[in-house]
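Chains as they are written, first to last, in my numbering: chain A, 1 to 337; chain B, 1 to 337.
Rather than coming from a laboratory, the hints here were simulated on the basis of the structure.
Straight-line Cα separation of at most 27 Å, BS3-like style, residue types lysine-lysine; simulated pairs:
| # | chain 1 | residue 1 | chain 2 | residue 2 |
| --- | --- | --- | --- | --- |
| 1 | A | Lys138 | B | Lys237 |
| 2 | A | Lys237 | B | Lys58 |
| 3 | A | Lys274 | B | Lys237 |
Values in this document were obtained by computation on a predicted structure and should not be read as measured data.
2 protein chains.
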Amino acid sequence: MINREIHFAQRPSPQPSLDCFKLVENELGEELKDGQVLVKNLWMSVDPYMRPRMNDVKSYIPPFQLDHVLEGGAIGVVEKSNNPKLPVGTHVESMNGWREYFVSSGKGLGIRDTSTIAPQDYLGILGMPGITAYVGTKILGEAKAGDTVYVSGAGGAVGSLVCQIAKALGCTVVGSAGSDAKVEWLLNTAKIDAAFNYKTEADFAAKLAALCPKGIDLFFDNVGGSQLDGALLSMRKNGRAILCGTIEDYNEAPEKRHGVKNLFKVVALGVTMKGFVVLDYMAEHHQAFTADMAKWRSEGKIDWQETVYEGVDKAPEAFLGLFNGANLGKMLVKLAD
Amino acid sequence: MINREIHFAQRPSPQPSLDCFKLVENELGEELKDGQVLVKNLWMSVDPYMRPRMNDVKSYIPPFQLDHVLEGGAIGVVEKSNNPKLPVGTHVESMNGWREYFVSSGKGLGIRDTSTIAPQDYLGILGMPGITAYVGTKILGEAKAGDTVYVSGAGGAVGSLVCQIAKALGCTVVGSAGSDAKVEWLLNTAKIDAAFNYKTEADFAAKLAALCPKGIDLFFDNVGGSQLDGALLSMRKNGRAILCGTIEDYNEAPEKRHGVKNLFKVVALGVTMKGFVVLDYMAEHHQAFTADMAKWRSEGKIDWQETVYEGVDKAPEAFLGLFNGANLGKMLVKLAD
Numbered sequence: 001m002i003n004r005e006i007h008f009a010q011r012p013s014p015q016p017s018l019d020c021f022k023l024v025e026n027e028l029g030e031e032l033k034d035g036q037v038l039v040k041n042l043w044m045s046v047d048p049y050m051r052p053r054m055n056d057v058k059s060y061i062p063p064f065q066l067d068h069v070l071e072g073g074a075i076g077v078v079e080k081s082n083n084p085k086l087p088v089g090t091h092v093e094s095m096n097g098w099r100e101y102f103v104s105s106g107k108g109l110g111i112r113d114t115s116t117i118a119p120q121d122y123l124g125i126l127g128m129p130g131i132t133a134y135v136g137t138k139i140l141g142e143a144k145a146g147d148t149v150y151v152s153g154a155g156g157a158v159g160s161l162v163c164q165i166a167k168a169l170g171c172t173v174v175g176s177a178g179s180d181a182k183v184e185w186l187l188n189t190a191k192i193d194a195a196f197n198y199k200t201e202a203d204f205a206a207k208l209a210a211l212c213p214k215g216i217d218l219f220f221d222n223v224g225g226s227q228l229d230g231a232l233l234s235m236r237k238n239g240r241a242i243l244c245g246t247i248e249d250y251n252e253a254p255e256k257r258h259g260v261k262n263l264f265k266v267v268a269l270g271v272t273m274k275g276f277v278v279l280d281y282m283a284e285h286h287q288a289f290t291a292d293m294a295k296w297r298s299e300g301k302i303d304w305q306e307t308v309y310e311g312v313d314k315a316p317e318a319f320l321g322l323f324n325g326a327n328l329g330k331m332l333v334k335l336a337d
Numbered sequence: 001m002i003n004r005e006i007h008f009a010q011r012p013s014p015q016p017s018l019d020c021f022k023l024v025e026n027e028l029g030e031e032l033k034d035g036q037v038l039v040k041n042l043w044m045s046v047d048p049y050m051r052p053r054m055n056d057v058k059s060y061i062p063p064f065q066l067d068h069v070l071e072g073g074a075i076g077v078v079e080k081s082n083n084p085k086l087p088v089g090t091h092v093e094s095m096n097g098w099r100e101y102f103v104s105s106g107k108g109l110g111i112r113d114t115s116t117i118a119p120q121d122y123l124g125i126l127g128m129p130g131i132t133a134y135v136g137t138k139i140l141g142e143a144k145a146g147d148t149v150y151v152s153g154a155g156g157a158v159g160s161l162v163c164q165i166a167k168a169l170g171c172t173v174v175g176s177a178g179s180d181a182k183v184e185w186l187l188n189t190a191k192i193d194a195a196f197n198y199k200t201e202a203d204f205a206a207k208l209a210a211l212c213p214k215g216i217d218l219f220f221d222n223v224g225g226s227q228l229d230g231a232l233l234s235m236r237k238n239g240r241a242i243l244c245g246t247i248e249d250y251n252e253a254p255e256k257r258h259g260v261k262n263l264f265k266v267v268a269l270g271v272t273m274k275g276f277v278v279l280d281y282m283a284e285h286h287q288a289f290t291a292d293m294a295k296w297r298s299e300g301k302i303d304w305q306e307t308v309y310e311g312v313d314k315a316p317e318a319f320l321g322l323f324n325g326a327n328l329g330k331m332l333v334k335l336a337d
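Use the sequences and the hints to build the structure in full.
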């Protein structure tokens with residue numbers, strides 16, 4: 001049978017483009033060995049964290065290898081099985097995204113219950129973006145009632161959940177995003193207290209200061225660079241800044257990144273800045289995350305937005321869309337029904 | 001009687017110079033009111049934190065006022081008294097530095113025991129620099145045996161104590177400083193594990209990486225800017241950075257400051273950066289600080305270095321010397337015997 005998958009064709013320099021990707025067709029053998037399963041992917045995830053993996057730089061996860069199939073979260077269904085633990089019809093989550101089918105020994109596959117949960121939720125609200133938002137806001141950020149919380153990248157998968165988790169915890173929430181559509185969603189659907197389009201604001205720091213008259217107790221930063229720099233000017237005494245991503249920098253050559261000049265505020269205000277990678281917190285907090293999220297959803301406090309591209313051939317376009325504001329909420333690629 | 005004091009004559013723009021200061025003589029009245037004392041200052045302190053106070057910017061302490069006498073830590077002795085709680089001969093610490101004499105109601109004066117302690121120690125090893133080093137290293141920095149600790153500004157009053165406290169706690173300690181004399185003192189007297197002169201290193205980040213082969217567990221930063229940026233590249237997973245000062249920035253116009261571009265490392269490595277102002281920690285930790293410091297000194301683990309200028313008229317020169325490496329250890333001005 002024919003499988004289509006996306007290979008990594010060239011490294012960005014520094015802007016990624018469609019040339020970085022190559023659609024490859026290959027033949028999967030018909031016969032499964034003992035213990036193997038054939039998985040048909042239903043959904044795959046594209047996420048900003050994948051962009052640093054395209055650079056040839058060691059980090060918390062290894063860089064993508066050229067001329068290999070890309071990796072990323074996916075959820076699929078077992079279509080053929082030679083493994084009694086993974087019968088046909090089992091939904092499985094894996095890091096084997098960017099392909100339609102794969103054969104697996106079962107290693108690295110997580111069985112997922114889809115009886116009451118949409119399969120793609122495991123890539124979003126109940127998956128990595130969800131627990132990232134939860135850990136950063138409630139656990140590390142210690143958001144509590146009365147806090148002023150500012151969220152950069154508030155229209156993305158993580159940011160949109162941070163906003164709503166903070167609201168559920170009783171905070172006053174201000175968000176910035178890169179399109180008017182995202183701002184409208186934040187105000188009218190997520191119902192946060194204030195939101196603005198940073199691309200059309202002449203003075204980012206002044207706008208933020210005006211929207212946070214008491215200052216920022218908790219800053220959840222997905223963007224870094226100029227937005228981090230501006231937000232530092234509005235931090236409150238003993239405020240917390242949770243650094244989750246630096247998407248502003250991802251497509252810039254290192255020498256062109258915005259250098260942050262306001263770190264003296266961290267000293268003068270006793271600010272705590274904490275960076276994190278959610279992988280380090282998943283095991284410990286997964287249970288509480290699932291319970292809290294189920295409660296908040298049942299109370300109608302969490303809306304969830306998806307932007308969906310269809311077909312593995314559209315995955316590169318979906319990925320690139322993360323960097324030009326094409327996604328409202330979680331960007332997903334639907335690979336099969 | 002004649003009192004000489006230093007007034008704030010003009011704000012730096014941005015380099016401070018002798019023109020920012022003016023020596024003023026005034027006549028102190030002979031008669032003390034009920035409850036008043038006349039204090040003769042013996043020693044005054046000059047510290048880097050005073051530089052930001054020279055800008056007309058609100059911060060954790062108000063800016064200095066033009067044409068007023070400057071403020072800062074001082075220790076003196078009661079020379080005349082109309083206050084039974086402060087008899088003649090009592091040593092008192094105050095924020096009334098930059099002057100030879102002052103009359104006080106007693107408010108803001110702290111009585112200091114000088115029977116076994118040199119008066120100027122209250123401005124240094126047992127005063128603000130000492131407890132700053134202690135809180136940043138042991139309390140907030142959680143330095144523990146086996147940690148690699150890197151200290152910027154390691155030859156200054158705070159940095160030189162951080163180095164030795166970290167050694168006393170069993171850490172491997174690397175320091176950078178701005179003169180060969182400081183480096184020699186760090187290696188031969190403070191006996192830290194490695195030290196280098198950042199001014200003569202072509203590649204700061206590479207040098208630091210070479211001296212910290214296992215990476216930095218705890219970074220105590222007095223400097224900020226380019227040194228913070230470089231050190232972020234050598235942080236270990238879950239490392240801590242304690243931000244105590246940004247002396248590199250103090251004399252730069254904001255637009256000329258070095259912008260920090262490596263904050264993505266804070267995310268990828270799960271680094272915690274914590275800024276602090278010691279005033280917020282003094283009450284809680286003073287007792288433990290005094291006890292620990294007495295123990296370490298009795299064990300010969302803490303050397304203490306002073307650079308002394310004589311006469312209130314030399315105070316501006318002493319202050320300016322903080323920014324061109326004139327001080328090894330604590331910079332003090334001796335005002336009287």
